[in-house]
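Below are the chains, spelled out letter by letter.
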Amino acid sequence: MLKVDKVTKYYGDFCAVDNLSFEVKEGEIFGLLGVNGAGKTTTFRMIMGLLEPSSGNVTLNGKKIDYDVTDEIGFLTEERSLLTKLTVKEQALFYGALKGMSDEAILKKLDELLERFEVSEYKDKKIKELSKGNQQKIQFIMAIINDPKLLILDEPFSGLDPFNVELFKNEIISMSKRGSMIIFSSHRMEHVELFCKKIAIMLRGKPVLSGYLSDIKREYRKKNIIVKGDIKKKELESIKGVYEVIEKPEEFEVKINSLSDAENVFKEVSKHKNILKFSVEEPSLNEIFVAKVGEEYEK
Amino acid sequence: MFLTKISLQRKIKTKWFLAANILLALIIVCGINIDTIITTFGGDFNKQRDVYIVDKTNVSFESLKTGINESSKALNTSTHKSSFKIQESDKSEKELKKLVDEDNALVLIADFNENKELSVKVISKDYLSTVDSQLITNTINQTKTSIALATSGISSEKLEQIYKSAEIEYEYTKDDVKAGEEGTEMIMQTVFPVVILPFFMLTLFLVQMIGAEVNDEKTTRGMEIIISNVSPKTHFFSKVLAGNLFVLIQGTLLFLFSIIGLVVRNLIGGNSIVGGVGSEVTSTIKDILNSNIGADLVYIIPLTLILMLITFIAYSLLAGILASMTTNIEDFQQLQTPIVIISLVGYYLAMLANVFGGSIFIKVVGFIPFISAILAPSLLVLGEFGIIEMLIAIVIAFITVLLLIKYGLKIYKVGILNYSSKDLWKKMFKALKD
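Protein chains in written order, with the numbering used here: chain A, 1 to 299; chain B, 300 to 733.
Because the hints were derived from the structure by calculation, they are not lab data.
We treat Cβ as the ideally placed atom computed from N, Cα and C, and that holds for glycine.
Any given hint could turn out to be false.
[Stated by the list, open to error] In the PhoX-like style, the derived pairs of lysine-lysine whose C-alpha atoms are separated by at most 25 Å in a straight line are:
{"no.": "1", "chain 1": "B", "residue 1": "K355", "chain 2": "B", "residue 2": "K443"}
{"no.": "2", "chain 1": "A", "residue 1": "K63", "chain 2": "B", "residue 2": "K532"}
{"no.": "3", "chain 1": "A", "residue 1": "K128", "chain 2": "B", "residue 2": "K312"}
{"no.": "4", "chain 1": "A", "residue 1": "K108", "chain 2": "A", "residue 2": "K128"}
[Unchecked claim] Derived CB-CB ranges, DEER-like:
{"no.": "5", "chain 1": "A", "residue 1": "E253", "chain 2": "B", "residue 2": "V529", "range": "27 to 35 Å"}
{"no.": "6", "chain 1": "B", "residue 1": "W315", "chain 2": "A", "residue 2": "P162", "range": "37 to 45 Å"}
{"no.": "7", "chain 1": "A", "residue 1": "P162", "chain 2": "B", "residue 2": "K312", "range": "35 to 43 Å"}
{"no.": "8", "chain 1": "B", "residue 1": "V529", "chain 2": "A", "residue 2": "E244", "range": "48 to 56 Å"}
{"no.": "9", "chain 1": "B", "residue 1": "W315", "chain 2": "A", "residue 2": "A291", "range": "50 to 58 Å"}
{"no.": "10", "chain 1": "B", "residue 1": "I336", "chain 2": "A", "residue 2": "G100", "range": "52 to 60 Å"}
{"no.": "11", "chain 1": "A", "residue 1": "S102", "chain 2": "B", "residue 2": "D595", "range": "47 to 55 Å"}
{"no.": "12", "chain 1": "B", "residue 1": "K312", "chain 2": "A", "residue 2": "S55", "range": "41 to 49 Å"}
{"no.": "13", "chain 1": "A", "residue 1": "P162", "chain 2": "B", "residue 2": "I640", "range": "52 to 60 Å"}
{"no.": "14", "chain 1": "B", "residue 1": "I628", "chain 2": "A", "residue 2": "G133", "range": "20 to 28 Å"}
{"no.": "15", "chain 1": "A", "residue 1": "K197", "chain 2": "B", "residue 2": "V639", "range": "51 to 59 Å"}
{"no.": "16", "chain 1": "A", "residue 1": "N61", "chain 2": "B", "residue 2": "V639", "range": "44 to 52 Å"}
{"no.": "17", "chain 1": "B", "residue 1": "I600", "chain 2": "A", "residue 2": "G133", "range": "54 to 62 Å"}
{"no.": "18", "chain 1": "B", "residue 1": "I628", "chain 2": "A", "residue 2": "R221", "range": "48 to 56 Å"}
With the hints as constraints, model all of the structure from the sequences given.
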């Protein structure tokens, strides 16, 4: 289990991470969210042992993370951390050796992963000759070449098309099923919702929301109602408890302050004919993120 | 060790390393055999100039011929061959002038003037070169003296005595200056540029290699992956080790290319009037062996090599530290300039060391790390430095390496993960204090 316990990091007088705590168990995927400068990269660097926390502890299976355990960790940085003058094979031999792997094991694993990610033909090509998307695939392959127990992914879908996002998603889920702990950061909330059971939202170094995604959504009072039928936007807006109506193709998304307002909305909507759909739904993570971050910004 | 191996492979297992060394090998081998290459393509530089002597005195020809030939051979140190083909002629002045115009020949018409003294008319197509003019003038004057002595009734024994060289014995009062080592200045002028230039070149290679690699790993953020797996200390030392192994390999290759060049020279018998690097080397080695400095090389070479090796390490540490502070390759190229200037200062002072013999300033600079690797051995060869001074220079360079490791490592640890040039020096000074 990865345990980040009351971790704080100061750069001079500036507090980059303030009293952050979370746990990631085997097989869990944890989403660390936040706007730029929220402290995500500093947190990743502290987990990787690149930075020493000003206070608090980071432990992996009860042990402080040092060079004895880094062989069990995979790290994908937000920027391309590839030595672009090397070929894919040379890069794999380099990073694999850093993880204590033998050349034979590296090349065997590399062939397997290159095939899975459909980039076998680039094995002897220089990384700088590859497209942005293929470089991202190679970077991902380098991060998982050692079959890490803990995998840290900082914006892993950057530069990928939907087809390749699917490839990555499948691999991440597969690794999670094999028991790997995965920490994940992304600006794309739909990606986080796809994988993560647990999340933490950070703002200016502070965790403003953390816990299981299902609990967060349930506890988030505001809900959405999808309405489809012969009804006008103004009529929906006039219902008590409705604070916003978004017109979508062939349906409306009605935003209410709490679940108790759903009854009012239902009563008013049912007065109209041809109502084809009325569905109360949890808000998206994006809505929660925007709302929470917005609230905190105003403080 | 694998980091060192990978660093070294990244530099050596490249097409450019191979190409650069093929080019270097060609340049060195060709440079050593440049005279043979020039003569192979032909030209009139190897042709002896015809000299026609019309001896109306009947006693001057042999003296003039011997004088011109011997002086010319003495000037051509590499070949000891005369530049002139001398023959006596009884042709008319008109005919000879035709030869002068057509073949660029030289005509000397020797006769006695009204005072029965030797008078020579020299006919040439164009102005004589300074060397040729001096040579002809001296030979004529010597011939004039010889004839005057011979006709004055002096016996042949007496004449021989007169011409015999005077005995000259040199004695020097300074302790470390020995008679017979007067050739040292010549050695400084010829040997040191050859020895120092590869050191200077290898220093640049070393600084560029380490700087570019650290900078590349840093700017690509590959450094984060590397440093999350090995400590900055391990990374730093692996770069220093790889850099120094690289210069040792490159230095050995340069030495091998020179040996190949000399072997080729020996095989093809390159020995012509033009001379070349090869002939310079051959004659310089002879000069070294003939001078007493040959015996001193027993300690000069090991001490120089030790100092150079320590200085290479110091340069590589400095390059690594500076590269860790930069955020892009342009910044590193700018930081590299002072390093090059330091080396250049050492190079020029080493060249000036024999001109300003006894200069306290140069002696003091000879102890300064980085510069000392070039300057201290030069001063040692010149006798300005003794073994003690050389050992002090080595100790100072070694202490510099230790200080660079102690304080430089602190900067390196912070620098390699710093991507902003904002408050850079503040961050580095803070790192030094921590």
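Do the hints match the structure? See the list:
1. K355(B) <-> K443(B): 14 Å, holds
2. K63(A) <-> K532(B): 22 Å, holds
3. K128(A) <-> K312(B): It holds: about 18 Å lies between the C-alpha atoms, which stays within 25 Å.
4. K108(A) <-> K128(A): 23 Å, holds
5. E253(A) <-> V529(B): 27 to 35 Å: 52 Å, violated
6. W315(B) <-> P162(A): 37 to 45 Å: 40 Å, holds
7. P162(A) <-> K312(B): 35 to 43 Å: For P162(A) and K312(B) the Cβ distance comes to about 39 Å; the hint holds.
8. V529(B) <-> E244(A): 48 to 56 Å: 53 Å, holds
9. W315(B) <-> A291(A): 50 to 58 Å: 56 Å, holds
10. I336(B) <-> G100(A): 52 to 60 Å: With Cβ atoms ~54 Å apart, the hint holds.
11. S102(A) <-> D595(B): 47 to 55 Å: 52 Å, holds
12. K312(B) <-> S55(A): 41 to 49 Å: For S55(A) against K312(B), whose Cβ atoms are near 46 Å apart, the range 41 to 49 Å holds.
13. P162(A) <-> I640(B): 52 to 60 Å: 55 Å, holds
14. I628(B) <-> G133(A): 20 to 28 Å: Roughly 26 Å apart at Cβ, these two residues keep to the hinted range, so it holds.
15. K197(A) <-> V639(B): 51 to 59 Å: Because 57 Å falls inside the window, the suggested range holds.
16. N61(A) <-> V639(B): 44 to 52 Å: 51 Å, holds
17. I600(B) <-> G133(A): 54 to 62 Å: For I600(B) and G133(A) the Cβ distance comes to about 58 Å; the hint holds.
18. I628(B) <-> R221(A): 48 to 56 Å: With a Cβ separation near 54 Å, I628(B) and R221(A) satisfy 48 to 56 Å, so the hint holds.
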